Amino acid sequence: DAGVTQSPTHLIKTRGQQVTLRCSPKSGHDTVSWYQQALGQGPQFIFQYYEEEERQRGNFPDRFSGHQFPNYSSELNVNALLLGDSALYLCASSTGQNNEKLFFGSGTQLSVL
Amino acid sequence: QKEVEQNSGPLSVPEGAIASLNCTYSDRGSQSFFWYRQYSGKSPELIMFIYSNGDKEDGRFTAQLNKASQYVSLLIRDSQPSDSATYLCAVIASGGSYIPTFGRGTSLIVHP
Numbered sequence: 003d004a005g006v007t008q009s010p011t012h013l014i015k016t017r018g019q020q021v022t023l024r025c026s027p028k029s030g031h032d033t034v035s036w037y038q039q040a041l042g043q044g045p046q047f048i049f050q051y052y053e054e055e056e057r058q059r060g061n062f063p064d065r066f067s068g069h070q071f072p073n074y075s076s077e078l079n080v081n082a083l084l085l086g087d088s089a090l091y092l093c094a095s096s097t098g099q100n101n102e103k104l105f106f107g108s109g110t111q112l113s114v115l
Numbered sequence: 011q012k013e014v015e016q017n018s019g020p021l022s023v024p025e026g027a028i029a030s031l032n033c034t035y036s037d038r039g040s041q042s043f044f045w046y047r048q049y050s051g052k053s054p055e056l057i058m059f060i061y062s063n064g065d066k067e068d069g070r071f072t073a074q075l076n077k078a079s080q081y082v083s084l085l086i087r088d089s090q091p092s093d094s095a096t097y098l099c100a101v102i103a104s105g106g107s108y109i110p111t112f113g114r115g116t117s118l119i120v121h122p
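Sequence order for the protein chains is A and B. Position in the first sequence (from 1) plus 2 gives the number in the working numbering. Position in the second sequence (from 1) plus 10 gives the number in the working numbering.
Watch out, some of these pointers could steer you wrong.
[What the hints assert, rightly or not] Which residues of chain A face chain B? A few of them, derived with a C-beta cut under 7 Å, are:
id, residue
1, Gln43
2, Gly44
3, Pro45
4, Phe47
5, Glu102
6, Ser108
7, Gly109
In case anyone wonders, no lab produced these hints; they're calculated from the structure. These figures come from a predicted structure and were not determined experimentally. Positions of the beta carbon are idealized from the N, C-alpha and C atoms, including for glycine.
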């Protein structure tokens, strides 16, 4: 039973560029949430997707956008990268009926230079 | 702003001791409480959850919830070096969003 998979594992970009991160949820899960975790901090909620719609959004600017596909996989897009966007980006999946318990992927470490 | 507060540590305990990790939260109406373990360079893993006041035990782990005082704690009995990790407290507040808010985590070091 495959868990949550994320790609790529590491990414280096320069300021102003755009990036796309990908996530496949755990088998049987239909909800995907994205979190940003800066060094030494807890994960900060970016947004959540369910039934291909953004269901909830945290306090992140519009430069952060996402998408969910019919197979429940998801993408996170960040435009106009800033140095402060450097962080570990975590994807978490859950079921619509038990949304509270999150299963995290291994994350994508993004470095913006 | 609904907040979850944790002491960043590190908390250092000898092998075999009880490690006590604490978390406080600001929203009195919070309903669900979680502890995640995160090894260095890895992703968080859910290890305990608790919904009602009192204690909940699972193996060497005990979660304690006191809603009146707005704190939740995690006790790890017979601590092992393999328990060395950052422990994240997560709380689902009132309001129906069902999105957990995470604390910054407490670093635990268990030394032989």
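Open item on the list: I'd like to know which numbered hints this structure contradicts. Please list them from smallest to largest.
Closed with: Violated: none.
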